[in-house]
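Participant: The listed protein sequences correspond, in order, to chains X and U.
Residues 0 to 156 (numbering that gives the first Met the number 0) are what the first sequence spells out, left to right.
Residues 0 to 259 (numbering that gives the first Met the number 0) are what the second sequence spells out, left to right.
Don't read these hints as lab results, they were simulated from the structure.
The C-beta atom is built at its ideal place from N, Cα and C for all residues, glycine as well.
Take these hints with a grain of salt, some might be off.
Said to hold, decoys possible - Straight line, CA to CA, 30 Å or less: simulated BS3-like cross-link-like pairs of lysine-lysine:
id	chain 1	residue 1	chain 2	residue 2
1	U	K61	U	K234
2	X	K129	U	K91
3	X	K129	U	K215
4	U	K215	U	K91
5	X	K115	U	K91
6	U	K181	X	K39
7	X	K92	U	K181
8	X	K115	U	K181
9	U	K181	X	K129
Said to hold, decoys possible - Restraint ranges, calculated between C-beta atoms of paired labels, are given here:
id	chain 1	residue 1	chain 2	residue 2	range
10	U	P60	X	S44	35 to 41 Å
11	U	V134	X	L34	47 to 53 Å
12	U	L108	X	G43	54 to 60 Å
13	U	K72	X	M52	48 to 54 Å
14	X	S89	U	A237	54 to 60 Å
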Amino acid sequence: MSERSSLERLIVVVSLLVMTVLAGIIGAHAGEVPLPTVPKATAGSCVAPPDVMRRSHMSMLQHGRDLSVRQGERVEGGRLTGCIDCHAVSDGKGGHETVSSPQHFCRACHDYAAVKVDCFECHASRPEPKVKASDATSEVPASALAALADYAEEVAR
Amino acid sequence: MTEGSQSCGGSCGCGSEAGKVDEGRRGFLAGAVATGATALAPGVTLFAYGTAEAEAAGADPKKRWGMLVDVSKCVDGCTGCVTACQTENGWKTTGKPATDPQWIRKVTLRDPKSGATRSAPVMCQHCAEPPCADVCPTGASFKRADGIVLVDRHRCIGCRYCMMACPYKARSFVHEALEDQKPHAPRGMGTVEGCTLCVHRVDKGVAPACVEACAKSGGAIMFGDIADPKSEISKVIATYATMQIRGDLGVDPGVRYRNL
Ligand code: SF4
Ligand code: SF4
Chain X
0 MSERSSLERL IVVVSLLVMT VLAGIIGAHA GEVPLPTVPK ATAGSCVAPP
50 DVMRRSHMSM LQHGRDLSVR QGERVEGGRL TGCIDCHAVS DGKGGHETVS
100 SPQHFCRACH DYAAVKVDCF ECHASRPEPK VKASDATSEV PASALAALAD
150 YAEEVAR
Chain U
0 MTEGSQSCGG SCGCGSEAGK VDEGRRGFLA GAVATGATAL APGVTLFAYG
50 TAEAEAAGAD PKKRWGMLVD VSKCVDGCTG CVTACQTENG WKTTGKPATD
100 PQWIRKVTLR DPKSGATRSA PVMCQHCAEP PCADVCPTGA SFKRADGIVL
150 VDRHRCIGCR YCMMACPYKA RSFVHEALED QKPHAPRGMG TVEGCTLCVH
200 RVDKGVAPAC VEACAKSGGA IMFGDIADPK SEISKVIATY ATMQIRGDLG
250 VDPGVRYRNL
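Excised from the complex, chain X in its bound form:
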C-alpha cells in the first residue's frame, strides 16, 4: 500500500518536472520569457539609443551628477530631472506615479532585476506639478539634445 503511493508520488513529481521543462522550452521558443513591462516615455527621442541607456544609464547619471554638484557644470538634457520628466507615468488622475508605485518607470526594471535604487531618497521621483505657466522651466534645445546623444554614443563605443 505504502509502496504504491510512493510510486504514484514519484510519477507525479517526474511528470511535473517534464512539463515544467517542456513549458520552459516552448515558452522560450515562442518568445514568452517574462520581461518587465517598461512604460513608454512621453517625448519622442531619448538622449541615447535604448541599448546604450540600458547598459550605461547609471554611469551617465553618475558622471553628470559629479559634474553638476561639484563643478557646477549643469549639462542640459543630461540630468536626472530630464529622465524623470520624460519617463513620468500618469496616475490617471492628472498627476504622475511616484516611485512608491510598481508602475514607476525606474521600478519597472529595477524590481525585475532586483536592484535597489537610492536616488529617490533625495530626488523627486516625479515631475513637479505644474503651478503657473511663468514658473515653467526652459525647454531643452533640440541641438543640445542631439549633441548629448552624440556624446552618449561616443561613450558607448
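Keeping the supplied structure of chain X fixed, place chain U with the ligands upon it in accordance with the hints.
Facilitator: Using the frame of chain X, we list chain U with the ligands on its own:
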C-alpha cells in the same frame, strides 16, 4: 574620483579616456552656447553673467558669490525671505521645532543697555574657510570654485560633524523620510542640508529666492560677485561700513551685514 578632476577618468565605465570625454563635452557645450539666448524661459531675470552658456560652463573660480544684508531695511516681523526659501526649496516645519529644518531664519538682536532691537536673516554664510568642510570626513561638505558651500548628499553619511563645526548653526539634519521634493533641490533623510545660495538659480543667472522676495518688501538683501570690485555689491561694501557676523573667527563669511 578626486575632487578636482573634471572628467570621469574612465571610472564611470564610459570607456573613454579623459581627453575623449572632454572632446565630447566641448562639442556639446558648443551646441548649448549657440542656443543660449533662446533656452531661457520667459520672465527669468537675467543678470549680466547669466546665460545657458554660464550654466553649462560650471562654477567660475574668478567669482565669489556673496550677499549684503542692510539690517536697517529689514522689517521686524517680516519673514518674506524665510517663506520664499521654503517655497523655493521645499522645506517646511515637521511639527517638531527641535529638529525642524532651518535653511534661513530671522533672528532678533537686542542691545541690553538701550533696549534697541534689530531683526536680521541668518543663513549659511558661505565661508571662504568653511569649518564644515574642514571637519567633514567624507568630503561631502565642500566649497565650489565660486565660493558656494554645499553638501554633496551623494557622499554625506549623516554624521553631523559639520553641524557641530558651523559657528552660525546654519545646517540642519533631515530626520524624516521625504517624498515629492523640489526637483531642483534634492534633500533626503539621513543627510545634512543648509542654504545652497539657491545654486540652481544662480547657475541660471537668477538671484536667490530670498533676495527676490526681499526686494518686494524691505529690499534689504543684495546679491552679487564680491570678488569683482566693479559689481554693485562690492561698491557698496567699499563705500560703507559693513561687517561679518563673528568676523573674529577668521572663517571669512561671504554674507555681510550693514547697520547691524
Ligand atoms: S556658515 Fe556654517 S555651513 Fe555655511 S560655510 Fe560657514 S561653517 Fe559651513
Ligand atoms: S553630516 Fe554629511 S556633510 Fe556633515 S560632516 Fe558628516 S558626512 Fe560631512
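Participant: Determine whether the Cβ-Cβ distance between U:V134 and X:L34 falls within the hinted range of 47 to 53 Å.
Facilitator: For X:L34 against U:V134, whose Cβ atoms are near 49 Å apart, the range 47 to 53 Å holds.
Participant: Has the given pair, U:K181 with X:K129, been kept, meaning a C-alpha gap of at most 30 Å?
Facilitator: Status holds; Cα separation ~12 Å.
Participant: Does the beta carbon distance between U:P60 and X:S44 stay inside 35 to 41 Å, or does it fall outside?
Facilitator: Since U:P60 and X:S44 have Cβ atoms about 36 Å apart, the given range 35 to 41 Å holds.
Participant: For the pair we were handed, U:K61 and U:K234, check the Cα-Cα distance against 30 Å.
Facilitator: holds (17 Å)
Participant: Verify the CB-CB distance for X:S89 and U:A237 against the hinted window 54 to 60 Å.
Facilitator: holds (55 Å)
Participant: Lying within 48 to 54 Å: is that true of the beta-carbon distance U:K72 to X:M52?
Facilitator: holds (51 Å)
Participant: Hinted pair, alpha-carbon criterion (30 Å max): X:K115, U:K181. Please report holds or violated.
Facilitator: OK: X:K115 and U:K181 at ~22 Å, within 30 Å.
Participant: If you draw a straight line from the CA of X:K115 to the CA of U:K91, is it 30 Å or shorter?
Facilitator: holds (28 Å)
Participant: X:K129 and U:K91 were given as a pair; does the straight-line alpha-carbon distance stay at or below 30 Å?
Facilitator: Since the Cα atoms of X:K129 and U:K91 sit roughly 20 Å apart, the hinted pair holds (cutoff 30 Å).
Participant: Is the Cα-Cα distance between X:K92 and U:K181 30 Å or less?
Facilitator: OK: X:K92 and U:K181 at ~20 Å, within 30 Å.
Participant: Between U:K215 and U:K91, does the CA-CA distance stay at or below 30 Å?
Facilitator: Roughly 22 Å separates the two Cα atoms, so the pair holds.
Participant: Has the given pair, U:K181 with X:K39, been kept, meaning a C-alpha gap of at most 30 Å?
Facilitator: Given that 30 Å is the threshold and the Cα spacing comes to 24 Å, the pair holds.
Every hint, counting from the list given before, is met by this structure.
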